[in-house]
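Chemist: Residues per chain, in single letters:
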Amino acid sequence: MNLALFIPELTLAVFALLVILLDLFTEQKRLLVQVSVSGLVISAGVTLAMWGESFPAIFNNMLAVDNFALFFKLLLLGVAFLVILASISYTQKFARFQGEYYALVLLSTLGMMLMAATTDLIAIYIALELTSLSLYALVGFLKDSKSTESSLKYLLLGAIASVVLLYGMALIFGFTGQTQLGEIARVIQAMSPQTILSFPALTLGLVMLITGFGFKIAAVPFQMWVPDVYEGAPTPITAYLSVASKAAGFALILRVFFSAFGLPEWLSLNWGIIFAFLAVIGMTLGNIAAIPQTNIKRMLGYSSIAQAGYLLVGMAAMGFSPVVDILGRSSIIFFLTSYALTNMGAFIAIIAISNKLDSDLIDDYTGIGKRAPLVALALTLCLVSLIGMPPAAGFMAKFYIFSAAVRSNLLWLVIIAVINSVISAYYYLRVVNVMWLGKAASEEKISSPGTLRLGLVLSCLGVLLLGIIPGFAMLLAEFAARIFVF
Amino acid sequence: MITPQFIWLIFLLPVFSFIIISFFVRPFVKAESRITGYILITALFTVLALSIWTLLSVMAAPHHEIPVPDINWVVIEGGVTIHLGLIADSLTAVMLIVVTLVSLMVQIYSQGYMHGDPGYHRYFAWMSLFTASMLGLVLADNLLFLFVFWELVGLCSYLLIGFWFHKPEAADAAKKAFIVTRLGDFGFLAGILLLYLNTSTFDIHELHKLAITGALASAILTWSAIGIFAGAVGKSAQFPLHIWLPDAMEGPTPVSALIHAATMVAAGVFLVARMFPLFEHSTEALTTVAVIGGVTAIFAASMGLVMNDIKRVLAYSTVSQLGYMMLGLGVGGVAIGIFHLFNHAFFKALLFLGAGSINHATGTFDMRLMGGLRRVMPWTYATFVIASLSIAGIWPLSGFWSKDEIVVSTASQPVLFSLAMITVFMTSFYMFRAVFITFGGDYRGGSQNEHGGHGSRPHESPKVMVTPMVVLAILAVVSGLWNVTGHFGTFMGHGQTHSFTYGFFHPFTQPLPWISLILAGLGILLAYAMYSKQWLSPEKTGNFFKPLYTLFYRKYWFDELYENIIVRVALVKGLFGSLKQFDNQVVDGAINGVARGTIAGGRAVRRAQTGQLQLYGLFIGIGILALVLVLYFAG
Amino acid sequence: MLNNLGLEHYLVLSAILFAIGLYGTLAKRNAIIILMCIELMLNAVNITLVAFSRYVTPELLTGQIFAIFVIIVAAAEIAMGVAIILAIYRGIESIDATKINLMKW
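If you read the protein sequences in the order shown, they are chains G, E and D.
The opening position of the first sequence corresponds to residue 1 in this note's numbering, with each subsequent residue numbered one higher.
The opening position of the second sequence corresponds to residue 1 in this note's numbering, with each subsequent residue numbered one higher.
The opening position of the third sequence corresponds to residue 1 in this note's numbering, with each subsequent residue numbered one higher.
The shape of chain G in the complex, shown without the other chains (with noise of 0.2 Å):
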């Protein structure tokens, strides 16, 4: 086994001991920022080394290094990133806590970087709770009411979802005798389908993991965690919960669905009706429910409901493509990027704005356009991009999963998700309607902090470039989607 290959998780595991200590002895906080992101670029400069090539399996064969993980690993850097630059004004409502914070950020995408390289259900299991167990403490951490609220909720329900999922990890295992998924791929094509269906354990399951999958990426009906804590969350942990948690979260579904349960067909096609059907009442419920919200990080929290059900059309596409197909996959690792990138501007954008408003309403969004244009155009261009239209990078997200979906014959699921994003323009659009038309409150010009500013404009980049020349970032996608199994 080759341990260098494991120097991106060690390195954050060891920045994120470093800023505990280093928070004990100096009262510098800003050194903390730079600490944490010294291991973020560290860990990504290795990882980035390390694109392209193909290595072994590492731990026996319990964490995969393949293009896979590391596109995924990067990516979940780079919005560790943008949520460090998010926090630093933030941070100064808990500023004796900081260390803390920014360590329990590194541990979390470190959790989430083992989801997206894990192979073995233990190592999944260890992975998702380490994620968590930052998560919620993150949630908690503003201490008010509301804060430690949705902490408790957040708590109690992902416990609930880890020990449905464990369940379901148990039945798999116990039908199949492996904890590894190249070796449950190999147990189940052994068998004859009547042997499996004579079983219920491996169906049931498979519905006990979708539904602690589904906890993680806000599928419905496990969602209903999401609005009450992106409401009371921090503001830049809800923006990480609703990009990188769900990202990962979609890294461990594609890695297991594809390398465990990807073959035989038949078993495909009946997790890909699941997901076809989670997806439905994803994209619907998400989008209707968040139309008469009042306030911003709510509504966010219904889109981004609805924007899981999106990707979920994406893996019904792969559940029920008749070959192995390429497109299913690249198109959700796209999307999730794009969606990275546009989530992040906008609670970037709403960082800025609450800041300096102290509110989190819709309404009193009134006018912004007139006080902080740049903001406010550049949380525009991020809400395009989530109804999907070009030139945002959101049109071309949906139009691969909508042509992965056309090409698995699920030309009705698609035709769905276009009315949806037609009903989902509403509530977008109503922000930009009020930003831009409404009479301000007030002349006074909002200023955001240079930190803010970068990390608008380097997600806002992001979001025209992949819009606009997307060619480049598919390959990339494609070249991502070759799961390695093993």
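Simulated from the structure, these hints should not be mistaken for lab results.
Positions of the beta carbon are idealized from the N, C-alpha and C atoms, including for glycine.
Careful, some of the hints might be misleading.
[Unchecked claim] To give an idea of the interface, some chain G residues facing chain D are shown, with a C-beta separation under 10 Å as derived from the structure:
hint	residue
1	129
2	149
3	160
4	298
[What the hints assert, rightly or not] Derived coverage of chain G by chain E (criterion: at least 3 residues anywhere in the stretch with Cβ under 8 Å from a Cβ of chain E; other residues may be distant):
hint	segment
5	81-95
6	310-318
7	391-404
With chain G held as given, fit chains E and D onto it using these hints.
Modeler: Just chains E and D now, with coordinates in the frame of chain G:
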């Protein structure tokens, strides 16, 4: 020989400039910094060099075209593949020179003109985006991307006309320009779709081939050509969609020079030239182009006769000259129309820059408040006069050469010929009317309120503004010489070449150039008589031709026609009224019902979110059951 | 009688335990009891894991190892949970899960 990478760079450099300015400079650099201007100017310098290189390479290339390999923009294996490609032929090469040269001059000028404006960075960001889109437009090799860039230049035009959006007139003008050009774009889009449905290609070369071989013919060809021409009518402000251009003068003057004189408004002419094989194979379409062009030329010129705002005179002059180009395309072909576009870009940009320079000194655009500027602004005066002589078509300035060709090619069609001739007279009259009122006589005070009012004494503009004007003035003199030998024509695929001396003096052996020269001279003379020497009182003349004067001055009541009859009566009362009825009774029931249902659904769904975490947990349990059921029934 | 004890018995036992735990988490009001019920569910899973390991792969210890990991992670989770419940208690002087509904709709 230029390589495709460098041709791509022509388009990409302004894009980079836009990205750098809007993503890195504007958010992080103070508004006082002038770095944005330098970024764009540097980019444009490089682009200009590349454009010249492209032009030389295209001239040397066989068939005057350099093949540029396509780049895959979107690829879905076994599904859709959309290519992104460029054309580098003679038409593109000429347009590249026009766009980059004028844009560069205008940006240098803007360094002085926009100095100290709080929107300095924003200005250069939009200018970069505009230049990039305009270059994209002339380089695009398929109609889909051409349309995208077409809309982008329209968007930039909107943003730049409304640059001083706090002024209500500017905001209104921006809106008007956007909406009116959109009308034409519907036609353009319809034309593109019609072509696509019948040929299933957007590729311009393919379409040319189909039109030339006759595979695409008859009504489809005509209607799609007319649809495309509708887009050109909107963008090039041709009759009857000309009304937006004079109002567009509310934008900063360099914007007017670049977008509303030299480049974007000429995009319509370019479009017709680009799709010319389609027009060529449809007599109806080509006749439409020529007639609309001729009518616009005289129609706009007549309104230019009586305007008091110098930029509006120039605006009507632009509309009129664009009509001339269309006429040239319609009767003479690509070479003649584009040659006029080429020359016009320089002298008209120069005229606008001159107007901006005057405004910088006097603080107004109203010619009645100017006067006597000849002495205080010698450079502006000299360049302005050169440009005016050029546009009036005086031998041997550039305007003469291209206008002469248009006039000559109309000779066989008496109606169009007389339109062209009258326009020649009007053009020289309104231009020299402007020259004499503005620069002659005594100074009449100017204005202190508006942009650039620097005290009561007018003065020459700074070097950074004068230099580009001088460069453009030189071009306004010499650019026409390109076709004296007929080389421009052969470059575009028409006619033959001859010696320079022969070409240079040849016009004097023909009757037509004499007529147009005499008419132009008469125009100047009349202007001199009325506005310099006051032999004829303008008021009395105006009163004598009272009905005509009023007709021109009120712009043929076109604004009122659109505003009152079309918008208020036809649209609001008629169409919208009936639509409202329809809306109230039918749509309300259906669409609004659905919308209300959705919103009500939202409220209902929201109620399920009680905040009780155990209920949420229950939903997880229900979810598991639901999934099992789904599997049981559907799996 | 005892000799007839097979895999099914363990699985049924764990399923019953799991169901009891689930019922508790959804029905009990006291947040601490909810945590305990979650613990119950986790242990039900552990029984399943060990039983499967014993009957399906008797020569390997995969299931047992898995169970040990679950126990460790569960401990951490409970620690988190109790800390958060304490924070809630400081705020509203109650740990009644039904009263924790500041955010809804």
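Chemist: Against each hint, give a clear statement of whether it holds in the structure.
Modeler: Results of checking the hints against the structure:
1. 129: holds (5 Å)
2. 149: OK, holds: residue 149 of chain G within 10 Å of chain D, min 5 Å.
3. 160: The hint holds - residue 160 of chain G has a Cβ within 10 Å of chain D, the shortest such distance being about 6 Å.
4. 298: holds (8 Å)
5. 81-95: violated (count 0)
6. 310-318: With 0 residues in contact (Cβ-Cβ under 8 Å with chain E), the coverage given for the segment 310-318 of chain G is violated.
7. 391-404: Since 4 is at least three, the answer is holds.
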